[in-house]
Amino acid sequence: NAGVTQTPKFRVLKTGQSMTLLCAQDMNHEYMYWYRQDPGMGLRLIHYSVGEGTTAKGEVPDGYNVSRLKKQNFLLGLESAAPSQTSVYFCASTGSGNEQFFGPGTRLTVL
Amino acid sequence: SQKIEQNSEALNIQEGKTATLTCNYTNYSPAYLQWYRQDPGRGPVFLLLIRENEKEKRKERLKVTFDTTLKQSLFHITASQPADSATYLCALDAAGNMLTFGGGTRLMVKP
Numbered sequence: 001n002a003g004v005t006q007t008p009k010f011r012v013l014k015t016g017q018s019m020t021l022l023c024a025q026d027m028n029h030e031y032m033y034w035y036r037q038d039p040g041m042g043l044r045l046i047h048y049s050v051g052e053g054t055t056a057k058g059e060v061p062d063g064y065n066v067s068r069l070k071k072q073n074f075l076l077g078l079e080s081a082a083p084s085q086t087s088v089y090f091c092a093s094t095g096s097g098n099e100q101f102f103g104p105g106t107r108l109t110v111l
Numbered sequence: 001s002q003k004i005e006q007n008s009e010a011l012n013i014q015e016g017k018t019a020t021l022t023c024n025y026t027n028y029s030p031a032y033l034q035w036y037r038q039d040p041g042r043g044p045v046f047l048l049l050i051r052e053n054e055k056e057k058r059k060e061r062l063k064v065t066f067d068t069t070l071k072q073s074l075f076h077i078t079a080s081q082p083a084d085s086a087t088y089l090c091a092l093d094a095a096g097n098m099l100t101f102g103g104g105t106r107l108m109v110k111p
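Going down the list, the sequences are from chains A and B.
One point on numbering: in the numbering used here, the residue at position 44 of the first sequence is 44, and numbering is uninterrupted.
One point on numbering: in the numbering used here, the residue at position 50 of the second sequence is 50, and numbering is uninterrupted.
Just chain A, with the same shape it has in the complex (with noise of 0.2 Å):
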């Protein structure tokens, strides 16, 4: 098993561009979450969604979208980057036992 995958590992983008990122798993979890990491903030809850078809906002969702359109996939979605969104993003999933299994991670820098 993979695991939790993230692609791609790193990005740069322009003030204003738009860009996906893409988080699979193949534990058959039903739930999955994006976070952001930034030095000294912690890992922050961007968005979740608790299965298939649902998606829901977490603690600093605002620049961001997502959809899961498929159960073992869920996509991050910058429609305008802003420098504000470096950062680095994980994704997690869990399935009944609480404990979240996370991605190894995309490093993106916005110019």
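Note that these hints are calculated values from the structure, not bench results.
Be aware that a few hints might be false.
With a straight-line cut-off of 25 Å between C-alpha atoms, the simulated SDA-like cross-links for lysine to any residue are [claimed, not checked]:
#	chain 1	residue 1	chain 2	residue 2
1	B	Lys3	A	Lys70
2	A	Lys70	A	Arg44
3	A	Lys57	B	Ala31
4	B	Lys3	A	Glu59
5	B	Lys59	B	Ser1
Please build the complex by placing chain B on the supplied structure of chain A, with the hints as guidance.
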């Protein structure tokens, strides 16, 4: 507002000693608390989960305590090794399989 505090300063200890990390929280009544390990450039990895009705939990050289009166969890690593050097995150359940993370404490174990 809800708040989770971990010592933001790095903890430096000598190999073989016991490392003790602290997680304090306010305005929470969590049903459980989790600890994760994060290595540089990688996603967090789940270590232990302790429920509100459990005082202590152990896993190999790891021990976690949970005091709901003090609103505090202590994370111990006995017989520490340089390979234990990492950042350790505590997380509390917010609701519905969501977690709120502390900022993490970096542990450095010197040979």
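Point to revise | Given pair status - alanine 31 of chain B, lysine 57 of chain A, alpha carbons within 25 Å | key: holds, 22 Å
Practice item. Take a quick look at whether lysine 70 of chain A and arginine 44 of chain A sit within 25 Å of each other, Cα to Cα. Key: holds, 24 Å
Check your understanding: Hey, lysine 59 of chain B versus serine 1 of chain B, does the alpha-carbon distance stay inside 25 Å?
Key -> Measuring from Cα to Cα gives roughly 33 Å; hence the hint is violated.
**Study point:** Hinted pair lysine 3 of chain B and glutamate 59 of chain A, Cα distance within 25 Å
**Key:** holds, 13 Å
Review point. Quick one, are lysine 3 of chain B and lysine 70 of chain A close enough, alpha carbons at most 25 Å?
Key: Given pair lysine 3 of chain B, lysine 70 of chain A is violated - Cα atoms ~34 Å apart, limit 25 Å.
When held up to the earlier numbered hints, the structure conflicts with 1, 5 and fits the remainder.
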